[in-house]
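K.L.:
Each chain, letter by letter, is given below.
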Amino acid sequence: MASITIRDVKKSYAKLQIVHGVDLDIASGEFVVILGPSGCGKSTLLRMIAGLEEISGGEIAIDGTVVNKLEPRERGCAMVFQNYALYPHMSVAQNIGYSLKVAGVPAAERQLRVQAVARTLELEHLLDRKPMALSGGQRQRVAMGRAMIREPKVFLFDEPLSNLDAKLRVQMRSEIRKLHRRLNATSVFVTHDQVEAMTLADRLVVMNGGRVEQVGTPAQIYSRPASRFVATFVGAPAMNILEGTVDLDGLSLLGGSRRLAMARAGLPVGTKVAMGIRPEAVRLVAPGTAGALDATVDLVEELGAGRVIYVDLDGASFSVMTSEAVHPEPGSAVGLKISPEDMHFFSSDTGTRLEVFKASVPEPAL
Amino acid sequence: MEKRVTFGSWTIGILFAVPQLLLIFTFFYWPAGQAVYWSLTLQQPWGGGNVWVGLDNFRSILSNADYWNSITASLVFAAISTGLAMFVALVLAALTDRQLAGSRFYRVVLIWPYGIAAPALALAFRFILAPEAGFLSVINRMWPGIWDPGLDGADAMASIIVAFSWKYVGYNFIFFLAAFQAIPRSLIEAAAMDGSGVVRRFWDIQFPLITPTIFFLLVINITESFQDSFGIVDIMTSGGPANATNLMVYKIYSDGFKGLDFSGAAAQSIILMVLIIVLTIFQFRFIERRVHYQ
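So the sequences go chain by chain: B and X.
Residue 1 is where the first sequence starts when you use the UniProt record's numbering, and the numbers rise one by one after that.
Residue 1 is where the second sequence starts when you use the UniProt record's numbering, and the numbers rise one by one after that.
Okay, chain B solo, but in the shape it has when bound:
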């Protein structure tokens, strides 16, 4: 059990800076997921915690001890790698028991502990096999076993599920969650898959371009994204964004072709903003309904349980997710009804969330 404190941590290779001053506190026993697109520095951050990557600036402390200069083995972390990194010349039992062997644990005790871990992960019948003779899911479990057996203070996961097929991924996801509930070890999990991130995390860290965009529970991140990046990165299909300009008594959208009446609470006239609406927050109504935006259907994607309807709003593409049994024909007209409380506003310049707008008029007037 250990807490992790990350203070202004930076990473650069020669002149290229990858991580720009990250601050993060991870409580003991917490499951934190770092989510971000590829190249955002999330794996680099994880590897700096592990000790596989040198820290260019700032400080990382595990359980109050600064670990910047410590070797990986002195930090008490175990890591599960994306490609599993199983030792190909060792059997499953040897793979799992290797850290104990290095630590000089007697063979008899080693065997008992390998057996115990194998039982937990249902690997008992595979102990004599070489990694080559295992399936993807089994390799994944061996990699987990290798991390578990050391009873580490911190578990680090570097996109461990991305090499698995969809079905196995869902299964392993719930197994990792169950395992964490049982072991209750501090875990840091890096992924670019938002579903994985939402389902696993106690707390979610969204990273972009080497910076932390937002830290919060999955629900907070979803309902109150701190920036335009977070808003469009989390959620599928992605949040719709309509560019607009603040005018005297509301917003002028899409270059002036649509208007939303609302109190502008402090923003000067002419300020450019981006308004975001989640596709699942939009209701489809009959075209011409009062307070709804009229649009033309482009494409319908059937998902079984629901469907995504892509519509054209004066040239801007806009998606609507509905579970209602509506099947509009491409080319037909629909009305889009949006509640003011579902609207998110971001500064067009900086992308940060604006809380200044109060929807004083319940229905957007056209």
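Hints listed in this document are in silico derivations from the structure and should not be mistaken for laboratory results.
A portion of the hints provided could be inaccurate.
[Stated by the list, open to error] What the simulated footprint calls covered on chain X by chain B, stretch by stretch (three residues with Cβ under 8 Å from a Cβ of chain B suffice, anywhere in the stretch; the number is not a length):
id : segment
1  : 182 to 193
2  : 201 to 209
[Unchecked claim] Covered stretches of chain B, as calculated for chain X (at least 3 residues, CB under 8 Å):
id : segment
3  : 72 to 83
4  : 89 to 102
It should be emphasised that the depicted structure is a prediction, and the values quoted were computed from it without experimental measurement.
Positions of the beta carbon are idealized from the N, C-alpha and C atoms, including for glycine.
Got chain B sorted already, so can you dock chain X onto it with the hints?
P.N.:
Showing chain X alone in chain B's frame:
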């Protein structure tokens, strides 16, 4: 899936193979066949036909103490030079793989010796190791007479071993480095996370994973030490002093072309060939079992 080229007609396939078959036949099977024939006959030094003598050539060679001395010298040479060349190359490659300072430099420079013809490098080593004026003459100044490959058989053997190993270190290095670099970085990192230090990681992870390369180089180095040593011996020691460096391949040359005993030399070639075949079979039978192919 392996891609294979298939030809509609059998003759086209054969036609493509013919140039290579001709080369192999002309430069390998034909001379080898001739050597077998000569080894079973006695050839007149100035021509005039062969007399069939059966295995007499082999009997006389194998009952000659000089020949057994030559076999011993060859085996000593093969064992020490292979060991030295492989060990030095392995250490250099392991260090280079860790990206230590200067590794870029090694990588380029170390392949060069392999490109130098054996007689040329032998001449260079002859100067370097010359007891009266070379680098090692310093030792002789301190302890006069301690180093003299012209008089001391052990010194001479050491000289040709050093020259041969120097040439093959570069060759081995390239293979070892490629093998090290083929090991996924994450395996080393996983071992580091498992608490394994640099040396332990080398023995537990890297070494077992490069055993196929070690095995390949072992076979190549031993075979080459029997064959490629000729130029070095010829320039540096001419088999001397007192036959101390008269390796099998050099003795074939000196007996055949200087002693004009073509039949005896042919028989020696056959013995050398059989020895290399036996050694290679031995390596495949007993050492390959310990190799982990991935």
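K.L.:
Next step is simple, just say for each hint if it's right about the structure.
P.N.:
Here's how the hints hold up against the structure:
1. Counting residues of the segment 182 to 193 of chain X whose CB lies closer than 8 Å to any CB of chain B gives 8, so the stated coverage by that chain holds, three being the minimum.
2. Counting residues of the segment 201 to 209 of chain X whose C-beta lies closer than 8 Å to any C-beta of chain B gives 4; at least three are required, and the coverage claim holds.
3. As drawn, the segment 72 to 83 of chain B meets chain X at 8 residues by the rule of a beta-carbon pair under 8 Å; at three or more, the given contact holds.
4. As drawn, the segment 89 to 102 of chain B meets chain X at 4 residues by the rule of a beta-carbon pair under 8 Å; at three or more, the given contact holds.
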